Amino acid sequence: MRYLQRTGRRSLPGRPARLATAAILAATALAACGGGAGDDSGGAAAAGGPTAPATVPELTDDPLTLSFIWFEWPPAQALEDFANAEYSKERPNVTIEVNTVPNANWHDAMFTQFAARQTDFDIPILDSQHIGEAVTNGNILDITDFVNENIEVDAYDPYLLAAYGQYPQAETGQRDEDASLYGLPLLGDTWTMIYRKDLIGDEPPKTWDEMIDAAQKCQDENPGVSGLAFHQANGSDAAAVTYNTVNGVYGGNLWNAEDKTVEGVINDEAGQKAMDVLVNEMKPLTAKGSGNWFIDEVNAAVAQGKACIAFQWIAAAGGLVDPAQSTLGKTEDEILDKLGFATLPTQDADVVPLGGMGMHISAYAPSERQAEALNFMKWFEQEDIQKKWAAAGGVPARTDALESPEFLEAGPFNQVYADSVSRMRDMWNVPEYARLIDIENTNVNAALNGAKDPEQALDDIASEQQRVLDSAGGGGL
Amino acid sequence: MTTTKDHPVQEAHAAAPPAPGGSPRLSDRGLAVAFISPALLLLLGMSVFPLLWALYLSFTDYSATRDVPANFVGVENYTNILTSDQVHQRALTTLLYVVGAVTLQTVLGFAIAFLISRRTHGRGALTTMFLVPMMLSPVVVGLFWKFMLDAQFGVINSMLGSLGLGQVEWLTRQRTALISLIVVDTWQWTPFIMLIALAGLTAVPKYLYEAASIDRASEWFRFRHITLPMVWPLLLIAIMFRAIEAFRLFDLVYILTSGGPGVSTETLSFHVYKVAFLGFNTGTASAYGILMVLVVIVLAQFYLRYLNKLKEG
Numbered sequence: 001m002r003y004l005q006r007t008g009r010r011s012l013p014g015r016p017a018r019l020a021t022a023a024i025l026a027a028t029a030l031a032a033c034g035g036g037a038g039d040d041s042g043g044a045a046a047a048g049g050p051t052a053p054a055t056v057p058e059l060t061d062d063p064l065t066l067s068f069i070w071f072e073w074p075p076a077q078a079l080e081d082f083a084n085a086e087y088s089k090e091r092p093n094v095t096i097e098v099n100t101v102p103n104a105n106w107h108d109a110m111f112t113q114f115a116a117r118q119t120d121f122d123i124p125i126l127d128s129q130h131i132g133e134a135v136t137n138g139n140i141l142d143i144t145d146f147v148n149e150n151i152e153v154d155a156y157d158p159y160l161l162a163a164y165g166q167y168p169q170a171e172t173g174q175r176d177e178d179a180s181l182y183g184l185p186l187l188g189d190t191w192t193m194i195y196r197k198d199l200i201g202d203e204p205p206k207t208w209d210e211m212i213d214a215a216q217k218c219q220d221e222n223p224g225v226s227g228l229a230f231h232q233a234n235g236s237d238a239a240a241v242t243y244n245t246v247n248g249v250y251g252g253n254l255w256n257a258e259d260k261t262v263e264g265v266i267n268d269e270a271g272q273k274a275m276d277v278l279v280n281e282m283k284p285l286t287a288k289g290s291g292n293w294f295i296d297e298v299n300a301a302v303a304q305g306k307a308c309i310a311f312q313w314i315a316a317a318g319g320l321v322d323p324a325q326s327t328l329g330k331t332e333d334e335i336l337d338k339l340g341f342a343t344l345p346t347q348d349a350d351v352v353p354l355g356g357m358g359m360h361i362s363a364y365a366p367s368e369r370q371a372e373a374l375n376f377m378k379w380f381e382q383e384d385i386q387k388k389w390a391a392a393g394g395v396p397a398r399t400d401a402l403e404s405p406e407f408l409e410a411g412p413f414n415q416v417y418a419d420s421v422s423r424m425r426d427m428w429n430v431p432e433y434a435r436l437i438d439i440e441n442t443n444v445n446a447a448l449n450g451a452k453d454p455e456q457a458l459d460d461i462a463s464e465q466q467r468v469l470d471s472a473g474g475g476g477l
Numbered sequence: 001m002t003t004t005k006d007h008p009v010q011e012a013h014a015a016a017p018p019a020p021g022g023s024p025r026l027s028d029r030g031l032a033v034a035f036i037s038p039a040l041l042l043l044l045g046m047s048v049f050p051l052l053w054a055l056y057l058s059f060t061d062y063s064a065t066r067d068v069p070a071n072f073v074g075v076e077n078y079t080n081i082l083t084s085d086q087v088h089q090r091a092l093t094t095l096l097y098v099v100g101a102v103t104l105q106t107v108l109g110f111a112i113a114f115l116i117s118r119r120t121h122g123r124g125a126l127t128t129m130f131l132v133p134m135m136l137s138p139v140v141v142g143l144f145w146k147f148m149l150d151a152q153f154g155v156i157n158s159m160l161g162s163l164g165l166g167q168v169e170w171l172t173r174q175r176t177a178l179i180s181l182i183v184v185d186t187w188q189w190t191p192f193i194m195l196i197a198l199a200g201l202t203a204v205p206k207y208l209y210e211a212a213s214i215d216r217a218s219e220w221f222r223f224r225h226i227t228l229p230m231v232w233p234l235l236l237i238a239i240m241f242r243a244i245e246a247f248r249l250f251d252l253v254y255i256l257t258s259g260g261p262g263v264s265t266e267t268l269s270f271h272v273y274k275v276a277f278l279g280f281n282t283g284t285a286s287a288y289g290i291l292m293v294l295v296v297i298v299l300a301q302f303y304l305r306y307l308n309k310l311k312e313g
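The listed protein sequences derive, respectively, from chains A and B. Take 1 as the starting number for the first sequence in the UniProt record's numbering and just add one per residue. Take 1 as the starting number for the second sequence in the UniProt record's numbering and just add one per residue.
Only chain A is shown next, with the shape it has when bound in the complex (with noise of 0.2 Å):
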């Protein structure tokens, strides 16, 4: 009976419930329109970053925790810790959390939830490369009466306050007074030469034919160590920089920053160089299958005694001379004896790069968690704070910290950092940083695998980022 009722019927949601789902659906197409990609009411105030107040606004007394967002190495647990234990000292109701996420994730992490609008990070440590995207789509604040208010700017290199925070980009070497602030220096770095000393002598080679042909000579002496250890893989930043800091030291550039070419500039004759002595000459002294090597491979195999120089962040230096990590010695004085550390050898030009990173503000995050924030930075830009952030393991950029005993006693690698400062050069900050940086990314890699003619490698490198800043803003793949 039940059967024969039905017959004929139609099916369930019917006519008007068809008619009501697709009302529904167009009711919250419309409104997803109105909220995301449509609406330019809130965007065009935010384009830019909003701007933070000059003076750091009434703090609260309940009890607060302040995230920061970082990637996975050793100084995001070092600067959790030092926080913690003195940042607790000036507002016992305040934790610190440093969230940490894999390398190869940091800038999604980062940016996919600026995309929505909604951070669960109230402090994103961004790369001095991210800024230009952050800061041209709102999702920092604009600090620049903050720091002109609370911040000793004359007691840093310019350099290093312009490098973590301005926005456009300082050139290198010199900062803009007049331009922006978006950030300040939390951790400065670049890059150290470590060398065996009981393998290639006391003395680090001066010169970047002399590292090559000691790197050679010791390889050939040692079966079992390789001459060479550094950055090769094609995530995050890897390749891009190893070949950035060989073509500085060959004279290259980049681009030309003003008329923002690359095509004729990356891969002029310096740049081309740059690959050739990259590829053809440093590469055969790596170990076989090094090809998607970063920080902790090239860590490990220093620890190892399985290489006879290697160049590596200073940030990420520390676990060499840690005993329970290295089969170079029982003691960190063993260690030392073994492993020396100097600043990079010069050629044609006398470049290191620029590494380190910045504190930022998020513009979504609730205010009182702003203001803290920014009490924050203003209590660890101090200099005494500065001296003890460097006495926990952390890089200053105040120069008073840097020249402080605190902080070139604390490894043997940091005077290498103070004698680099004045040297140093970054990349591009601009908003396509992601895309140029994957692109040179994936081409050096090639080239370093044998997957790309070095050359051919180079000059899609110049002709892919071109089109990417010609088409700034734009889409595209």
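Don't read these hints as lab results, they were simulated from the structure. Hints should not be assumed to be uniformly reliable.
As the list claims (entries may be wrong) - What the simulated footprint calls covered on chain B by chain A, stretch by stretch (three residues with Cβ under 8 Å from a Cβ of chain A suffice, anywhere in the stretch; the number is not a length):
1. 55–67
2. 108–121
3. 145–152
4. 186–199
5. 256–263
Unchecked claim - Straight-line Cα separation of at most 20 Å, SDA-like style, residue types lysine to any residue; simulated pairs:
6. A:LYS288 / B:VAL168
7. A:LYS306 / B:VAL168
8. A:LYS338 / A:ALA324
9. A:LYS197 / A:ASN222
10. A:LYS283 / B:GLN167
11. A:LYS273 / A:ASP460
12. A:LYS306 / B:GLN152
13. A:LYS197 / A:THR207
14. A:LYS197 / A:ALA179
15. A:LYS283 / B:ASP150
16. A:LYS288 / B:ASP215
17. A:LYS306 / A:GLU332
18. B:LYS146 / A:PRO102
19. A:LYS288 / B:PHE72
20. A:LYS387 / A:ALA410
21. B:LYS146 / A:ALA300
22. A:LYS288 / B:LEU178
23. A:LYS283 / B:GLN174
Stated by the list, open to error - Taking beta-carbon pairs under 8 Å as the criterion, some of the chain B residues facing chain A (in silico):
24. THR83
25. SER84
26. HIS88
27. GLN89
28. LEU171
29. MET230
30. GLU245
Remember, predicted model here, so these are calculated numbers, not experimental data. Built from N, CA and C at the ideal position, the CB exists for glycine as well.
With chain A's structure known, arrange chain B on it following the hints.
Positioned in the frame of chain A, the structure of chain B alone reads:
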């Protein structure tokens, strides 16, 4: 005539008392709507709406991070993708990967299932053991294979070394990197084919083999004319599932090679990820995703038609 037959039925229904325990206010239809509406809303919210939204975005130059309104660009995103050499290269890589991985998995999966089906003892334990890789997360699988395939410290090269063979750069050479991906995927997903094939093999009627034995048919004859034709339709469905899965491979590439060396192991899905989350070209990435869905749907339709023909034949 029809009405005279229908009326008594309707009258009888109208006169019947309500079902015990049923709500007098909720009709059958209302109850049905109440039951399916949560699932329907979930489906609309989580699948249908995002798909329609992505379709809309695919005709715009929208970027999720840039604070500018979306502009309608027609089919420009689609033409850019379809005419791009970069996309053609990734499509070829994906095709090589799908063909290599699915072929290898089918041959191995069927062979293992065939061998297991001939055992009378320990079949359950063996089947369970073979299924373990399938139950692991692809990220976990990728990470431990990355260690195993490491040219310097990996166990695979260590074994090759002990056999007197040289080191192989599994993940950093153009040819071996794609092969490594295929091998890892095969290790994880051969059990899926095996499971389906095993179900088909155990369903083959025994009397067919008995009849073949009476006719003194050879092992090969029995396999070729009884086993394979009976299992083939089921195997084809398993192949389709695996091909669709392999077509959208992302996780293993991300963990093992990051698409390298260079871009030589970048699949279409990995490329979409880069377009969407490195360049944040959301409009282009949406068009890219829609095109990939279309390709899968069209190919699956052809494949299903072939399966139906096979069934009818």
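Between the alpha carbons of LYS288 of chain A and ASP215 of chain B, is the straight-line distance 20 Å or under? Roughly 60 Å between the alpha carbons, so the hint for LYS288 of chain A and ASP215 of chain B is violated.
Would you settle whether the hint for THR83 of chain B is holds or violated, based on the nearest Cβ-Cβ distance to chain A being less than 8 Å? Since the shortest Cβ distance to chain A is 10 Å, the answer is violated.
Given the hinted pair LYS306 of chain A and VAL168 of chain B, is their alpha-carbon gap at most 20 Å? With Cα atoms ~18 Å apart, LYS306 of chain A and VAL168 of chain B stay inside 20 Å; holds.
Has the given pair, LYS197 of chain A with THR207 of chain A, been kept, meaning a C-alpha gap of at most 20 Å? Distance ~17 Å between LYS197 of chain A and THR207 of chain A Cα, so the pair holds.
For the pair supplied as a hint, LYS288 of chain A and LEU178 of chain B, confirm whether the alpha-carbon distance does not exceed 20 Å. holds (18 Å)
Are three or more residues of the stretch 145–152 of chain B within 8 Å, CB to CB, of chain A? holds (count 3)
Restraint: GLU245 of chain B near chain A, CB-CB cut 8 Å. Satisfied or not? Constraint on GLU245 of chain B not satisfied, violated at 23 Å.
The hint names HIS88 of chain B as touching chain A; please verify it with the least Cβ-Cβ distance against 8 Å. Interface hint status for HIS88 of chain B: violated (11 Å vs cutoff 8 Å).
Below or equal to 20 Å on CA atoms is what counts here, so check LYS387 of chain A against ALA410 of chain A. holds (10 Å)
With 8 Å as the cut and Cβ atoms as the points, is GLN89 of chain B at the interface with chain A? violated (11 Å)
Coverage assertion for the stretch 55–67 of chain B with respect to chain A, Cβ distance below 8 Å, three residues required: Three-residue rule met by the stretch 55–67 of chain B, so holds; n is 10.
Classify the hint on SER84 of chain B as holds or violated, based on whether any CB of chain A lies nearer than 8 Å to its CB. Constraint on SER84 of chain B satisfied, holds at 5 Å.
When held up to the earlier numbered hints, the structure conflicts with 2, 4, 14, 16, 19, 24, 26, 27, 29 and 30 and fits the remainder.
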